[in-house]
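Take a look at the letters that make up each chain.
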Amino acid sequence: MIDTNFYERRAPITLARICELLAIDIPERCDPGFVIQDIGRLDQATDSDITFFHNAKYIDELSKTKAFACLISSKYSSLLPEHTHAIVVEDPYLALAILLREFYAIKTDHDRSRPYISEKASVSGSAVIGDGCYISDFVSIGKDVIIKNGSFIGPNCSILRGVEIGKNAHIEPNVTISFAKIGDNAYIKAGARIGQQGFGFQIGRNGLVDVLQIGRVLIGNNVQIGANCTIDRGSMDDTIIGNNVRIDDMVHIAHNVAIGDYCVIAAQTGIAGSTTLGKGCMLGGQVGIVGHVIIGDRVSIAAQSGVMQNVENGKRIAGSPAMNAFSWQRLNVIFRKLDGGTSITG
Amino acid sequence: MIDTNFYERRAPITLARICELLAIDIPERCDPGFVIQDIGRLDQATDSDITFFHNAKYIDELSKTKAFACLISSKYSSLLPEHTHAIVVEDPYLALAILLREFYAIKTDHDRSRPYISEKASVSGSAVIGDGCYISDFVSIGKDVIIKNGSFIGPNCSILRGVEIGKNAHIEPNVTISFAKIGDNAYIKAGARIGQQGFGFQIGRNGLVDVLQIGRVLIGNNVQIGANCTIDRGSMDDTIIGNNVRIDDMVHIAHNVAIGDYCVIAAQTGIAGSTTLGKGCMLGGQVGIVGHVIIGDRVSIAAQSGVMQNVENGKRIAGSPAMNAFSWQRLNVIFRKLDGGTSITG
Amino acid sequence: MIDTNFYERRAPITLARICELLAIDIPERCDPGFVIQDIGRLDQATDSDITFFHNAKYIDELSKTKAFACLISSKYSSLLPEHTHAIVVEDPYLALAILLREFYAIKTDHDRSRPYISEKASVSGSAVIGDGCYISDFVSIGKDVIIKNGSFIGPNCSILRGVEIGKNAHIEPNVTISFAKIGDNAYIKAGARIGQQGFGFQIGRNGLVDVLQIGRVLIGNNVQIGANCTIDRGSMDDTIIGNNVRIDDMVHIAHNVAIGDYCVIAAQTGIAGSTTLGKGCMLGGQVGIVGHVIIGDRVSIAAQSGVMQNVENGKRIAGSPAMNAFSWQRLNVIFRKLDGGTSITG
Chain A
1 MIDTNFYERR
11 APITLARICE
21 LLAIDIPERC
31 DPGFVIQDIG
41 RLDQATDSDI
51 TFFHNAKYID
61 ELSKTKAFAC
71 LISSKYSSLL
81 PEHTHAIVVE
91 DPYLALAILL
101 REFYAIKTDH
111 DRSRPYISEK
121 ASVSGSAVIG
131 DGCYISDFVS
141 IGKDVIIKNG
151 SFIGPNCSIL
161 RGVEIGKNAH
171 IEPNVTISFA
181 KIGDNAYIKA
191 GARIGQQGFG
201 FQIGRNGLVD
211 VLQIGRVLIG
221 NNVQIGANCT
231 IDRGSMDDTI
241 IGNNVRIDDM
251 VHIAHNVAIG
261 DYCVIAAQTG
271 IAGSTTLGKG
281 CMLGGQVGIV
291 GHVIIGDRVS
301 IAAQSGVMQN
311 VENGKRIAGS
321 PAMNAFSWQR
331 LNVIFRKLDG
341 GTSITG
Chain B
1 MIDTNFYERR
11 APITLARICE
21 LLAIDIPERC
31 DPGFVIQDIG
41 RLDQATDSDI
51 TFFHNAKYID
61 ELSKTKAFAC
71 LISSKYSSLL
81 PEHTHAIVVE
91 DPYLALAILL
101 REFYAIKTDH
111 DRSRPYISEK
121 ASVSGSAVIG
131 DGCYISDFVS
141 IGKDVIIKNG
151 SFIGPNCSIL
161 RGVEIGKNAH
171 IEPNVTISFA
181 KIGDNAYIKA
191 GARIGQQGFG
201 FQIGRNGLVD
211 VLQIGRVLIG
221 NNVQIGANCT
231 IDRGSMDDTI
241 IGNNVRIDDM
251 VHIAHNVAIG
261 DYCVIAAQTG
271 IAGSTTLGKG
281 CMLGGQVGIV
291 GHVIIGDRVS
301 IAAQSGVMQN
311 VENGKRIAGS
321 PAMNAFSWQR
331 LNVIFRKLDG
341 GTSITG
Chain C
1 MIDTNFYERR
11 APITLARICE
21 LLAIDIPERC
31 DPGFVIQDIG
41 RLDQATDSDI
51 TFFHNAKYID
61 ELSKTKAFAC
71 LISSKYSSLL
81 PEHTHAIVVE
91 DPYLALAILL
101 REFYAIKTDH
111 DRSRPYISEK
121 ASVSGSAVIG
131 DGCYISDFVS
141 IGKDVIIKNG
151 SFIGPNCSIL
161 RGVEIGKNAH
171 IEPNVTISFA
181 KIGDNAYIKA
191 GARIGQQGFG
201 FQIGRNGLVD
211 VLQIGRVLIG
221 NNVQIGANCT
231 IDRGSMDDTI
241 IGNNVRIDDM
251 VHIAHNVAIG
261 DYCVIAAQTG
271 IAGSTTLGKG
281 CMLGGQVGIV
291 GHVIIGDRVS
301 IAAQSGVMQN
311 VENGKRIAGS
321 PAMNAFSWQR
331 LNVIFRKLDG
341 GTSITG
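Residue numbers (my numbering), protein chains in the order written: chain A, 1 to 346; chain B, 1 to 346; chain C, 1 to 346.
Next comes chain A alone, as it looks inside the complex:
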């Protein structure tokens, strides 16, 4: 199942250790010392493996699995064959996420016990590179840059003057970072652009006058930023990304935007200048939000919505222009009947 060009299997794990990782009791009639060899899908797992069931779509495969054990919610556990032990958990997919990284690892050249700076990188004499960092080929690191312990910088990254990157960052290849301070455990995917000049100008009598952008990008801890994202720096204030934020590929964050902790933003969404998102918002893909609006906490915005005004805490919105998601669903049903109810799928 695994491609050993890219990944390696780690050592097998006892059932006791698995239960410990999942913070659950060892199931009845199970040998805690039984060694689980691998983790695999219902149709792939063998009688020394653990499998998982987190999607009702695969319910027909439950009875056929050969697995020794299965991560499953209590609701479905009775459907397992007799030879498969139910490892009952609240959220089987979460349990899978926890176990996957015990069974597998990505092959990497990064040995955190010692620092490595490629001879083909260019590191300014005034930059400070922490212990156990890995600086790949053709990385350019400017004056006064600080990269803290254990961080990995992939090939062809440009880290410009004065940038600070926290501990244990993983920066994929071909990334640009400038005018930014980034917390610990950042995961920044290939081709992301952080800190470039924002889209700021004013129209004067003699043409366009550019507004010098003198702010920064400030990114909290445990943030992930998708491939080919663009996060512009602030103009006079800063562009701010909170802690534990997840941003998918090709998301655009304009200057002076502030994103609260635990926001999740799907691919190709764009947020215009000076807009604020509260904590824990969930944005679908291809959403657009105009500038200078305030989105509250825990707001849910459906894919392809166009948000043009402030939104209160906890609201679910959809549509372009965006409205209450339930109104939008109702109006769409009505819209589809405007031609007299002709089948729309015919």
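Treat the hints with care, as some may be off.
Any copy, or any two copies together, can satisfy a pair, since identical chains are not distinguished.
[Stated by the list, open to error] Straight-line alpha carbon distances no greater than 30 Å define the calculated DSS-like cross-link-like pairs of lysine-lysine that follow:
| no. | residue 1 | residue 2 |
| --- | --- | --- |
| 1 | Lys75 | Lys57 |
| 2 | Lys167 | Lys66 |
| 3 | Lys57 | Lys279 |
| 4 | Lys148 | Lys279 |
| 5 | Lys279 | Lys167 |
| 6 | Lys148 | Lys167 |
| 7 | Lys75 | Lys64 |
| 8 | Lys279 | Lys315 |
None of these hints come from the bench; they were simulated from the model.
Following the hints, complete the assembly by docking chains B and C onto the known chain A.
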């Protein structure tokens, strides 16, 4: 017409050779040995050149052309002036495409008769680079990478550990490829990101738990991928792109998506995780498709559509949320009359 | 206020010099020789600083400012406290833009009095690099490239064969430029892709036939191009960007598009092949325009619009498919009442 900084004209071609290339008979009253010097627009071609007519918009220029010959469909051939020979073909634009590459070539430093690896590249000792490959400046090639014969890798590309690239690939500059196996004749445009970690995590009691992504990106033969695209690798299974697929710039393909052979996907479209496209689908620009749906073969999806459910073979859909394209057109006409029919263009 | 890792404060400026820069008279009862130390927000400026008021949102802070002077329109000047001199200007934000760059500068290693080519760059022997250029690490510059005086090329840029870049360009890191001629004062942000092969092919009996793209990208003077944009080169003609155009991040410009002078295009917009924009158009974010249409001068297109036909000079359009913006607004009001007027924000 041609800028010789970038392109070169190749040798003139006889009419006989042109007809051979187009797999048609030599027209009556034509000298098969006549040497065609160049190919140009109706208003540019001289009496030793060939021209083409593929767009009715230019019908007024037909009678004025000075060209020796014209690629044209039978429907319009009688409109040519007497001095211009009609080269009647079914699809004049296709004929143009075939002839253009006989008359012109892109200037390149790539000599396929011998391999070239820039001294300013970095190639792992365990990588295998085929005959006639061209590895440009500041290319980083990781451990165990395989690049087959005749492939070109542009400057500042990062090809990470274990990647395999087939024969005669053309990889434009500043591309990132990781965790991927790519077939023959790939054309990957500048800044494309292939194989980065997908957007996978689960929300646990103590915050977000990332799902280790242990799949790959598998790309077939004769595939083109646009500039600044993002194609994430699979989580447990693979992300799959079939043969002869054409993907325009800035398209996002999420983890575990599968795209069938001969699909054509226009710019800025996004396809969410685990969705499947059949063969020969045509997607307009800025389309969004949600995750976990199945799109059949030969489905046509209009630009800016938002697809939220499975679609059967051969359907044409449009709108957001997407519906049958004909229903959508009818409903739009009705929608535009809801204000009593006030002119919408006034 | 300013982060001295990235920016530096320039010398203080007399009030007389400020008025000269703004082309206004020195206000009554003001000492022209008074030295202004800094420029800051209403709540930050001290009694030797100048502040600004350009957004009614901050009206409550006006009376509380400690600033020595304030850039303000005549309408609001009476609201300033007695100790703050009103510097009355027509457009306070424009005045701010003009003064900001007198008070601050971005820290840079680029000394325009002498050229600098990193030892870790790769510059073809036939390339011509002007006086006072700065060529960063890992820049690859191909044969016959011309870069005129005073231009800056950031790290990891790929400038391919035959490209011409005018005076005083600022090219941020990780940019790709090929098959292009670019005017003076270009500002091209990180990861932009200019000149790659367009999305051109024709479907033949035996599969797809690619159309050789033998055009260029021609860019005028004073143009800004956003991060991760994609501007494809022309197929037989050129892709053209006029003078003084401003393009935000992640905008896609397909082959043979022509953009008139002074157009402003917000983020994530896409323009399909062979479409023409007149002068002075304003496009919101996430707009899509189909190929082969003609948009007039001074056309305004709302965010997320989908434009499917020609548009006359001076029109304001919105919606997908796009229509007159006023019709669209009216129709949206009607649409939202189709369910009987249930609150859409509830």
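Cross-check of the supplied hints:
1. In this homomeric assembly, Lys75 and Lys57 come within 30 Å of each other (Cα to Cα) only inside a single copy, at 15 Å, whereas the closest approach across copies is 54 Å.
2. For the homomeric pair Lys167 and Lys66, neither the shortest alpha-carbon distance inside one copy (43 Å) nor that between copies (41 Å) is at most 30 Å.
3. Taking the shortest alpha-carbon separations for Lys57 and Lys279, only the inter-copy value of 23 Å comes in at or below 30 Å, while the best intra-copy value is 32 Å.
4. For a Cα distance limit of 30 Å, the shortest separation of Lys148 from Lys279 inside one copy, 27 Å, qualifies, whereas the shortest one across copies, 48 Å, does not.
5. For the identical chains of this complex, Lys279 and Lys167 are intra-copy neighbours only, at 24 Å inside a copy versus 45 Å across copies, given an alpha-carbon limit of 30 Å.
6. Taking the closest pair of Cα atoms, Lys148 and Lys167 come within 30 Å of each other only inside a single copy of the chain (5 Å); across copies the shortest separation is 38 Å, beyond that limit.
7. Taking CA atoms no more than 30 Å apart as the test, Lys75 paired with Lys64 passes inside one copy only; the shortest distance there is 18 Å, against 63 Å between copies.
8. For the homomeric pair Lys279 and Lys315, the shortest alpha-carbon distance inside one copy (13 Å) is at most 30 Å, but the shortest distance between copies (39 Å) is not.
Of the numbered hints listed earlier, the single one contradicted by the structure is hint 2.
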